[in-house]
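Chains as they are written, first to last, in the numbering used here: chain Y, -2 to 290; chain A, 20 to 361; chain D, -18 to 320.
Think of the hints as simulated: they come from the structure by calculation, not from any bench. Predicted model only: the values in this text are computed from it and were never measured. Do not rely on the hints blindly, as some may be mistaken.
Listed next, the in silico SDA-like pairs over lysine to any residue satisfying Cα-Cα at most 25 Å (straight line) [unchecked claim]:
no., chain 1, residue 1, chain 2, residue 2
1, A, 143, D, 287
2, Y, 140, D, 119
3, A, 358, Y, 34
4, A, 358, D, 218
5, Y, 140, D, 216
6, Y, 140, D, 200
7, A, 358, D, 216
8, A, 358, Y, 78
9, A, 143, D, 160
10, A, 358, D, 220
11, A, 358, Y, 140
12, A, 358, D, 119
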Amino acid sequence: MTGVPEPNSADAGATRITGTRESRMTNQLTTQSLDLRYGDRLVVGGLDLALPGGAVTAIVGPNACGKSTLLRGLSRLLAPAAGSVTLDGADIHRMSARALALRMGLLPQQPVTPEAITVEALVRLGRYPHQRLLSPWSAADQKAVDAALERTGTTELRDHPVDRLSGGQRQRAWIALALAQDTELLLLDEPTTFLDLRHQLDVLDLVAALHAEAGRTVVMVLHDLGQAARYADHMVVLKDGRLAAAGAPADILDADLVRSVFDVECRVIPDPETGTPLVVPKSSAVRHSAASA
Amino acid sequence: MTATQRGTPATGVPSRAFRHISLFLVGLAALVLCAALSLALGARSVPLSTVADALFGDAHGRDALVVTGLRLPRTVIGLAVGAALGVAGAVAQAITRNPLASPTTLGINAGAGFAVVVAIFALKVDSPAEYVWFAFAGAAGAALFAQALARRAGDIDPVRLALGGTVLQLVLLSWTSAVMLLNQRTLDEARFWLAGSLSGRDLGVLWPVLPMLVLGLLISLALSPALNALALGDDSAQALGVPVARIRLAGGIAVVLLAGSAVAVAGPVAFIGLAAPHLVRPLLGGDHRLLVPGCLIAGPLLLLSADVLGRLVIRPSELEVGIVTAFLGAPLLALLARKVAR
Amino acid sequence: MKSAVVAARRRILVFSGVGLLALFVLLTVSLTTGEMSMPATTALRALVGLGDAGDVLVVQQFRAPRSVAAIVAGAGLGAAGCVLQRLFRNPLASPDVMGVTGGASLGAVAVIAAGASQTLIPLGALGGGLLAALLLGAFAWRSGLAVTRMVLTGLAVQAGLAAAVNLMIVRFPAELAGSALQWTTGSVYGRTWTQVWGAGGAMVLALAVALVLHRRLAVLDLGDDSAGALGLNTSAARLQLLFVAVALASLAAALAGPVTFVALAVPHIVRFLTGPPTAASLALASLTGAVLLLASDLVVQHLLPVEGLPVGAVTATLGAPWLLVLMFRQSSPVQRSHA
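Could you build all of it, start to finish, from the sequences and the hints given here?
Here it is, written out as structure tokens:
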């Protein structure tokens, strides 16, 4: 995974985001006054978002702010209680599930791995939206699967049972599934949360590469603000189901935001490696006196 | 944690206790009313005044005889069996941590039925008084099975336990049917008993099992505090000093004693053990020190009501109480399914 | 790891070969043994109408339809169990615990109660099974079909229908009670070719539909989120698969009455011998079910000291050890959906 440019190094900058706005199919996901509920509980309220097409967006926020719920709403898994979600102007809930599946792939938070399924068998399932009721397995399908395995570096693992793989390898297998689906949009729900540092970076580098090569639009929910700042072109910060801030990390990530959203006193400095914003919490003495102040 | 153990926060003590006491009194009153109706209603309705006369006075007429000879034993048996089943259900649900556990769903009733049918077939016994011990043994056998499951249960998926009990039931029912088909006499004798009924039993059937029934009740009451701890999970209960395995064993024994006695007397009556705790819990909460006595009242209430219903629904003929409870219990289980599973 | 995949495929081939061979052998045995036993060649010739008229009668009118009925019903049950266990992600799921068997019993008993002709009983069983499925669907549907709720509602439906059957058995005069009871345990005694063709034809159709829908099971196995993201309408798919499984089980019940345990045990046997579910699982399950039921019927006819036991009693007895194994195994359910 060497040789992949850090997406947000100072020299890459703003041109990436604005440049893609001129492409034909913009793959822009927007929400209008979106309300999402679980039962009676309003989890996301009145959200107006525009996620740039062809860019990497990170959704961050404290626990229970509605990040994962928002992602489920964006991927049609949760129907809006009010408002709408549109993809390039078309309401995704009016589209057929299959039509959307051809445009948007999802890596869920804790994917359910069927017992003893091999990597290849798993990735093959990604071709489901492309297959019609009685269609046999075609050469195009096989090609897509092989390409997906190749791209995620899992070709040697193709006959291994997925549930025997390490966390990082397993995530890559699931990303391969989404790749085999051959979509322009990729949604990932906390892809790094249960991985160790090395594998977290592997997955993020892979996602960045997938974006860089084919201009894929990526939307991912992340916990780590520093990772979000490094890898995302656009950040969406949620608090209590409402939009706290949205924009490029360099523009919006500052100490005031971290204080108001995460209730943590911190300092935001440029990352020594990439120049992107890095959140450094203040010492505990300072934080506790600030809290009591 | 102390809140669960004590059951009431300091500030709410007087009003909570008051509420509980009044609920118990209401329950008792309902039970008395139910018992009175059980004595009065049937193929031939007897006015309450005659009932009173027959019980306490000197009446000797036909109606009075029906009351003292038929309905009184029936009502008393209904009270005993209902109490046993209700408490057995509460304890079963506690030791398996499964809201769907009950003598019916764990296959205990089916075990008793099978033992009785085999006894009728092989040993040619032919009256409920004689079936008693076989029913007890069969119930114990099936209960042991469920108990073994519960012991490994810890956190077994409630659905799996319920399914396992049903599958056990199916095996036993299949064997039961097979035996009944072997022999017309067995079929005739057994099919009525298998429906579960309070009629045709006199108190002579109850006396032999009464000590075991009472013992089961006492054990259940004594276990109540430990059952509260068990509800928190095996690990937490152990950390609180509760000997989890022993409590489960004791609870299992109580269920066998109670369910075995009930089935021995009245045959396999479905769903009372399932329904009673679910009826009591919304009113009295999950504290077993209240729940178990509550089921002691709710069980007979449900059973006698079903019995009275069975007498009225196709007058002058009667529908066996086991069939009535099965018909009422199935929708209950369906509703529980909607509640338990999102 | 390539070898593991190759080994698995080989196992499947061996298993199918053995299964087909067993089926053929058992079928031949069923045609040759009985009160008039005859050598295999005579039986096979009589099957196609050659040879002694008496032989032909016995083989063609009595033995063959019974055996074919067992094969068809067994295939349907095996397939139904395979679909249901994967659909519910629970190793104990089967038409027996979902009310289908109870419904079939009820339908059959209702026909007997109405005093209608015996030939209508299979239709009654079919109708009853479908009724049970409808009840299940209606009660379990709450903006979608969730696994746990389906299983539990199935138990409830089963209990209710069993109660109704019990009611009739108790209310019937003694003579009818016996035949009603017969129909609650499953038997292939006295099946005719009309019955077999009728149910068999429908069964073939249902199996074909099941094979087409089988791919959806693999997608559903990924969990609701992933399946939804792949464009599968999970509730609709579940409903379709449920319906197909119920149809298979009901048709089997129409032919053989409510035979228990075959649908429960077969998927486990297949899994035990060939490993986790694959595209071939459904076909293997049908084959195994056919072999199992035919074998059970032969046991009932020729090996038991007692006369006239229904095949359902044997399958239940054979099923009991499976039950013990399943219930005492400590493994967690096949998959759990995560929050």
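Hint check:
no. : hint            : result
1   : A/143 <-> D/287 : holds (18 Å)
2   : Y/140 <-> D/119 : violated (43 Å)
3   : A/358 <-> Y/34  : holds (19 Å)
4   : A/358 <-> D/218 : holds (24 Å)
5   : Y/140 <-> D/216 : violated (31 Å)
6   : Y/140 <-> D/200 : holds (20 Å)
7   : A/358 <-> D/216 : holds (19 Å)
8   : A/358 <-> Y/78  : holds (23 Å)
9   : A/143 <-> D/160 : holds (22 Å)
10  : A/358 <-> D/220 : holds (21 Å)
11  : A/358 <-> Y/140 : violated (47 Å)
12  : A/358 <-> D/119 : holds (15 Å)
Hint compliance for this structure: hints 2, 5 and 11 are not met, and every other hint is.
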